[in-house]
Each structure stands twice: as structure tokens, then as C-alpha cells.
Amino acid sequence: MTDMLASELISPAPEGSRRVAINGAAGRIGEVMASHLSSRYRLRLIYNRTVPDDRAEAVAEARSSGNAVPIAGGHEVAVAEIADLDAVQHSVAGCDAILHLAAVPSVHAPWDAVLHTNIVGTYNIYEGALRAGVPRVVFASSNHATGFYERDGLPVGPDMPVRPDGYYGVSKAFGESLGRFYAEGHGLAVICLRIGSFQPRPRDRRQLSTWLSYRDMAQLAWRSIETKETYGIFYGISGNTRGYWDISSAREVLGYAPEDDGEAFAAEFDPAPGNS
Numbered sequence: 019m020t021d022m023l024a025s026e027l028i029s030p031a032p033e034g035s036r037r038v039a040i041n042g043a044a045g046r047i048g049e050v051m052a053s054h055l056s057s058r059y060r061l062r063l064i065y066n067r068t069v070p071d072d073r074a075e076a077v078a079e080a081r082s083s084g085n086a087v088p089i090a091g092g093h094e095v096a097v098a099e100i101a102d103l104d105a106v107q108h109s110v111a112g113c114d115a116i117l118h119l120a121a122v123p124s125v126h127a128p129w130d131a132v133l134h135t136n137i138v139g140t141y142n143i144y145e146g147a148l149r150a151g152v153p154r155v156v157f158a159s160s161n162h163a164t165g166f167y168e169r170d171g172l173p174v175g176p177d178m179p180v181r182p183d184g185y186y187g188v189s190k191a192f193g194e195s196l197g198r199f200y201a202e203g204h205g206l207a208v209i210c211l212r213i214g215s216f217q218p219r220p221r222d223r224r225q226l227s228t229w230l231s232y233r234d235m236a237q238l239a240w241r242s243i244e245t246k247e248t249y250g251i252f253y254g255i256s257g258n259t260r261g262y263w264d265i266s267s268a269r270e271v272l273g274y275a276p277e278d279d280g281e282a283f284a285a286e287f288d289p290a291p292g293n294s
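In this text, residue positions in the sequence shown follow this note's numbering: the first is 19, and each later residue adds one.
These are computed hints drawn from the structure, not numbers from a lab. Quick reminder that beta carbons are idealized off the backbone N, C-alpha and C, glycines included. Please note: incorrect hints may appear among the correct ones.
[Unchecked claim] Computed spacing ranges between beta-carbons, pair by pair:
1) Leu133 x Pro289: 40 to 46 Å
2) Arg149 x Asp170: 39 to 45 Å
3) Ser266 x Lys246: 18 to 24 Å
4) Ser266 x Glu286: 24 to 30 Å
5) Arg149 x Ser266: 33 to 39 Å
6) Ala285 x Tyr249: 38 to 44 Å
7) Glu33 x Arg224: 42 to 48 Å
8) Ser83 x Pro289: 55 to 61 Å
9) Pro289 x Tyr262: 51 to 57 Å
10) Ala282 x Gly91: 29 to 35 Å
11) Asp170 x Leu133: 26 to 32 Å
12) Gly175 x Asn85: 41 to 47 Å
Let the sequences and hints guide you as you build the complete structure.
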């Protein structure tokens, strides 16, 4: 995310605040969310193979002991292999919510790759939360759960049928459906966020429509954690003037009020007058 140490990006948590687990904490979204949410919640950052250098000692202790280990600011680290249900359950015990970010992120990932982490792993998060008594999961879904609408040039809202454009999208549609089962069948609150182009700024013309800024993603995360809604699917983009994924339900239901708009960067990608 930056050249700073991971520990330098974390703020002290408010005393008595919710304990929120972030799995996939070593990933790009996980690092950014840890930075943005650390001043609001007591975080438990869950790692497996990839670990920031300045947290290596604490993570090694957590791996050896099998328990969460305190770090500065009222936060903790823990270790769990996403495909190990018992380890997942133990890693989230005592938390008030889980931000489920761990995934094979490649849009073109083959079936075997998404099966282990995105399919089995997501089941383990829901089931582990249920067994551990964690009341809420925020699931990082993706716009690729409905990717074929975009290929056809169609605007899309969260109430439309899924049209995944690859095994990755299939895995995210699966996670949404499984989340609904756990919400309605077991009383686990599940909010699914179809994350758009998560970048510090748009990188191309398409992302003027699909961009999700860091602070807008953080807002979606905390609103999903704190809402009273027990199930919902919401698109996660900034307030982009050219957006074609409908975020009206996120505004109305979650109270989402995006602060950024990709249009601020339009001059970088639109042809100058007379040069089109």
C-alpha cells in the first residue's frame, strides 16, 4: 500500500469498541481496511502465509500458540488457514463481526483455485462465525457476480439475477447465496458488497464508472458492520457520475454517502475537445 511499516498505518482503537476480525489481512484491501478502520474498532487481523515484516514476531507467536496475540493500539493478530474450519472458528471467537476479504482475486482463476479459498473458505467463514457466536459477516463479493451485464453494455442493480463472467464471479455469487441461507436459516447477519475497482484513483476510462476509493470502501465496511439489516447485497463504488452499477440501495438502506467521484479524474482519460 505504501512504503510505511504496517504498524505505522494502524491507529489506536477506542476503548470498548467492537472487536472486528479482518481475514485476508495481508491482501491489498485488507491492509487498507486495517488502516482506515483501526480508529473505529479493535481489530483482529487474521493472517496465513503472507505476513508484514513488522508483524512477523506476533504472528509467529499466534501460529505457535494457536491463539490471538495482542499488538499495539488494542488490536490483535491471529492465524488461520481458510480451508480449516476449526482454525477459522477459533480465529474469530470473541469477535463482534467479520470482514471476510480472503479470496483468490484473479478474474480468470481456474476452478481448482477458487474452489479451495473462495468456495470452501467462504463456507468456513459463515459456519465458523455461527459456531463461534459471531453475529455478523461482511462478505467481499464482486461486480463479477454480474459481469456479463457489463459485457452486454447494460446497467445493473443488486436485485437482478446473477450473471457471473468466470469461475471467480461464480464463487462470489455462491458466497452471496450461501450468505442468504445462513441469514435466513441460521440468523447470521450477512451483508454482501459487490466491490468495484478498488484503487487510490481511477486507472483508465472504464474506472471513471467503476472506481471505489479507499475511504468510500471503508465507509461501506463500517456501515455494513453497524447496520441493523440482517441480509443485503449492495454495489460498492464511489459516487461516480458515470456509474452504471446502482448504489441507490446502499444509500437508502446502509446510509452510504460516498465522498468521491471518478469524474474528478475525467480529464486524464477523456479526449481533449477537437481530438476525438
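Structure-based check of each hint:
1. About 43 Å separates the C-beta atoms of leucine 133 and proline 289, a value consistent with the hinted range of 40 to 46 Å.
2. Remark: the range hint 39 to 45 Å for arginine 149 to aspartate 170 is upheld by a beta-carbon distance near 41 Å.
3. Separation of serine 266 from lysine 246 is about 19 Å and conforms to the stated range, judged on CB atoms against 18 to 24 Å.
4. At about 27 Å, the CB distance of serine 266 to glutamate 286 agrees with the hint of 24 to 30 Å.
5. At about 36 Å, the beta-carbon gap between arginine 149 and serine 266 stays in the expected band of 33 to 39 Å.
6. Range check, alanine 285 to tyrosine 249: Cβ separation about 40 Å, and the 38 to 44 Å hint holds.
7. Look at glutamate 33 against arginine 224: about 44 Å separates their beta carbons, and that is inside 42 to 48 Å.
8. The supplied range of 55 to 61 Å is met by serine 83 and proline 289, whose beta-carbon atoms lie about 59 Å from each other.
9. A hinted range of 51 to 57 Å for the beta carbons of proline 289 and tyrosine 262 is inconsistent with their spacing of about 20 Å.
10. Under the hint 29 to 35 Å, the C-beta atoms of alanine 282 and glycine 91, about 32 Å apart, fit the expected range.
11. Distance hint for aspartate 170 and leucine 133: a CB-CB separation of about 28 Å, consistent with the stated range 26 to 32 Å.
12. For glycine 175 paired with asparagine 85, a C-beta distance near 43 Å keeps the hint of 41 to 47 Å intact.
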